[in-house]
Structure formats: C-alpha cells, structure tokens
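Trainee: Sequence:
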Amino acid sequence: MTDNEYILLVDDIVDNLDMLGDMLKHRGYETKIAFDGQEALEQIADNPPDLVLLDIQMPGMNGYQVCEAIKSNEQTKDIPVIFLSALSETDDVVKGFDVGGADYISKPFKFREVMARVENQLTASRQRKEIEALRDRDRQQFEALAQIKDRFLYGAAHDLKNPLTGVLLYTQLLRQTPPDDVSELENIASNIENTARKMQRLVTDIIDLAQMQVGDQMRRIDLPLQPIFESVYQTSLINAKVKDIALSIDIPEEKINYLIERSYFERMLDNLVSNAIKYTPDGGTVVLRLCDREAHYEIQVEDTGLGIPKDDIPKLFDAFFRVKKLTHKKQEGTGLGLSMVAAIVEEHNGEIFVESEEGIGSTFTIILPKDI
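Residues in the sequence shown are numbered from 1435 upward in steps of one, following this note's numbering.
Treat the hints as calculated values from the structure; they're not laboratory data. As the structure is a computational prediction, the values presented were derived from the model and not from experiment. Keep in mind that a hint or two might mislead.
[Claimed, not checked] What follows is a list of derived Cβ distance ranges for each label pair:
| # | residue 1 | residue 2 | range |
| --- | --- | --- | --- |
| 1 | LEU1693 | LYS1544 | 20 to 30 Å |
| 2 | GLU1785 | ALA1580 | 20 to 30 Å |
| 3 | ASP1512 | THR1669 | 53 to 63 Å |
| 4 | ALA1729 | ASP1656 | 13 to 23 Å |
| 5 | ARG1569 | ALA1479 | 18 to 28 Å |
| 6 | ALA1580 | PRO1612 | 27 to 37 Å |
| 7 | PRO1613 | ARG1696 | 43 to 53 Å |
| 8 | ASP1678 | GLU1780 | 33 to 43 Å |
| 9 | GLU1728 | GLU1566 | 52 to 62 Å |
| 10 | LEU1657 | LYS1505 | 49 to 59 Å |
C-beta: ideal position from N, C-alpha, C; glycine also.
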C-alpha cells in the first residue's frame, strides 16, 4: 500500500458499507462512501479514488451503468472497479467484465477474499502508473534528444563551418609556404591549433549540455560555497587585468554550505564571470557576489559592460543564440555558455534572471532555495 491511497465504497445498504469500511481501515486504507450511483460519480469527478468497490443492485443507476460512466470518461477510465453483488450467475459476472469491471466479489463478504482482491487490483494499478511514468520519461528524453540533435546539426552547419573553412585555408597556405620559412610555418600551425581548439570547445559544450538535458543526474554533495567563489575569482583575475577591468568579490564571512556538484557549479560561475569580463570594455568593473537571504541564497555577477538589447533577453539562454550586434559578435563564443549556465542552475533547483541596459551593463542573478 502507498500513501494517500483511498477506496470509494458504493452501496445503498449501510451495513455493507460499515462492514467493508471496517475491513479496509483495519489494513490502513482511507475510505469514502456513496449511497447511489450519481453520488459516486460526483465524488469520483471531485477526487478520483485509487479503487472503486461498486454494488450492482442499487436504486436509480445500477452498478453496470455507473461503471460504464467511469470507463467512458478519459479522466477516470483507468480507475479499477470491483463489483459487489449477491448475484452469482455467469451472465451477471460476464456483464460486469463487459462494462469494464476488473474483478467481482460475492456477498456475503469474506475478509481474506476482499483484501486479496483489493490488494491485487491496487498493486496492478500502481504498476500501470509506474509503467506509464517510465513511458512518459522515455518520451521526454526522446524529445530532448531530438531537440539536441537539431541543435547539434544547427551548430555544425553554422558554428563549425567557419573554423573548418579556416583550417582548410591554413592547410593550403602550409603547402605553399617554403619549408625554410620557419616563422611563417609556426604562425600557420598556431592558427590551425587555435581554430581546432574552438571547434573542440563547441563539441564539448554540446556533449555536456546534452548530458544534462537528457537527465544525466548530477551527484551533488554538501559543500562550502566560499572556496569555490574564491577559486573562480582568482582564476579570472588574469583576464580582467589584461583589459584593466576591476574585478571584485563580495561574499559573507560566515560559512555557507549548499548541495552542489562542484565541477558544474564552478563552471557555472566561471561562465558568468568570463562572459562579464568578455563583454565589458577596458577599464570597466565586474563584481561576483554571494548573499544570504532569508529563504534563499543569491548569486550575482554584475558588470558595466555592453548590455543586452531588451528584445534579446528572453532568448539569451537558448542554445546557440548570440546577440546580433556587431559589438557582441566581435567576441568569440560557442553560443552555448549561457545555455549551460541555465541547465546547471536548473539542476541545482534554482532560477536565473537577467537585468540589463545597453551601454550601462548587466546583472545576472541566480536564486538557490534553502528548502530543498
């Protein structure tokens, strides 16, 4: 038996309802009662039970008619129905199965028989629900894989086309360059290597994003957050200094722990800080911040960068999306960084928001609930 399973008892005889109710409550089931077919259908529509024990001989609607109504409704058709009756003729039993009944219990009731038939039907119902849940999950994974396939093809067609063309051009130059021109050979080799690394990053991002989107669950453990913030800050200082950007960190002194997958969590922060530095002009500022709020932790990456056009903000976390403005397109990227960030945030039960104004800067805010 699982939590919250309840059985609707439908009979016009109070003694029968009392007897069945006592039997089922003894086994821990919740029960509700209805004295006629119409009342039963109203209760089922309001709060569908896990099982219906249904008398055949009732005034007004008989049990067969009630069962037909249950089975003709898309919302209730999967609820198992066990008929209750003193009738034992073969034709009556067959008619019960014909209208959708799952089983048949004869009066007078025998405790062991009632419980065996009830538990068999509930077990079968649970198994059907579990199978359907697995099918739904498989359908969702299949749809996710189909979307990832489409995104990969898009990425291959657009984002890999240019670097591949570059590699071919550099290869042709390599063939035309005299063997004794060492400096030119080294320059061409360096360009080929850099281009290949760009393609490698794109493929790696696609694979990592695919793993998260098809349900490759992260193994999260309880870890302090401050050391991870410090690590991202230290590794980002070099890139910031190259552009004379003032990078600062603002985190509480009190230790804050959270259930995380460290490598992905660190990658999430690194992507946000790297993006902020990349899209902030020389001499600007970037702040990495962690705040302890009453019901959640708040992570912010704030910059004085180029800003994001208002119309582009809703698409910012879509795979392969990049802001079309020339100032943004000058910066290298795979178009998957923020998609990865959003996927990691979701895996950590969080939400991410963006506030931005062109020419002023952007603030990315992540909300991580404390109650998880």
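Trainee: Quick check on a hinted range of 13 to 23 Å for ALA1729 and ASP1656, using CB atoms only.
Mentor: holds (19 Å)
Trainee: Does the hinted range 33 to 43 Å hold for ASP1678 and GLU1780 at CB?
Mentor: Holds - the Cβ-Cβ distance for ASP1678 and GLU1780, about 35 Å, lies within 33 to 43 Å.
Trainee: Does the Cβ distance between PRO1613 and ARG1696 fall inside 43 to 53 Å?
Mentor: holds (48 Å)
Trainee: Against the range 27 to 37 Å, how does the distance between the Cβ atoms of ALA1580 and PRO1612 compare: consistent or not?
Mentor: For PRO1612 against ALA1580, whose Cβ atoms are near 51 Å apart, the range 27 to 37 Å is violated.
Trainee: For the pair GLU1785 and ALA1580, does the Cβ-Cβ distance stay inside 20 to 30 Å?
Mentor: holds (26 Å)
Trainee: Between ASP1512 and THR1669, is the Cβ distance one that fits in 53 to 63 Å?
Mentor: holds (55 Å)
Trainee: So the hint says 52 to 62 Å: do the beta-carbon atoms of GLU1728 and GLU1566 match that?
Mentor: At 40 Å between Cβs, range violated.
Trainee: May I ask you to test the hint 20 to 30 Å on the CB atoms belonging to LEU1693 and LYS1544?
Mentor: Check failed, 51 Å falls outside 20 to 30 Å.
Trainee: Do ARG1569 and ALA1479 keep their Cβ atoms within the hinted range of 18 to 28 Å?
Mentor: Given range 18 to 28 Å: holds, Cβ gap about 26 Å.
Trainee: Taking the Cβ atom of LEU1657 and the Cβ atom of LYS1505, is their distance within the range 49 to 59 Å?
Mentor: holds (53 Å)
Against the hints set out earlier in the document, violations occur for numbers 1, 6, 9.
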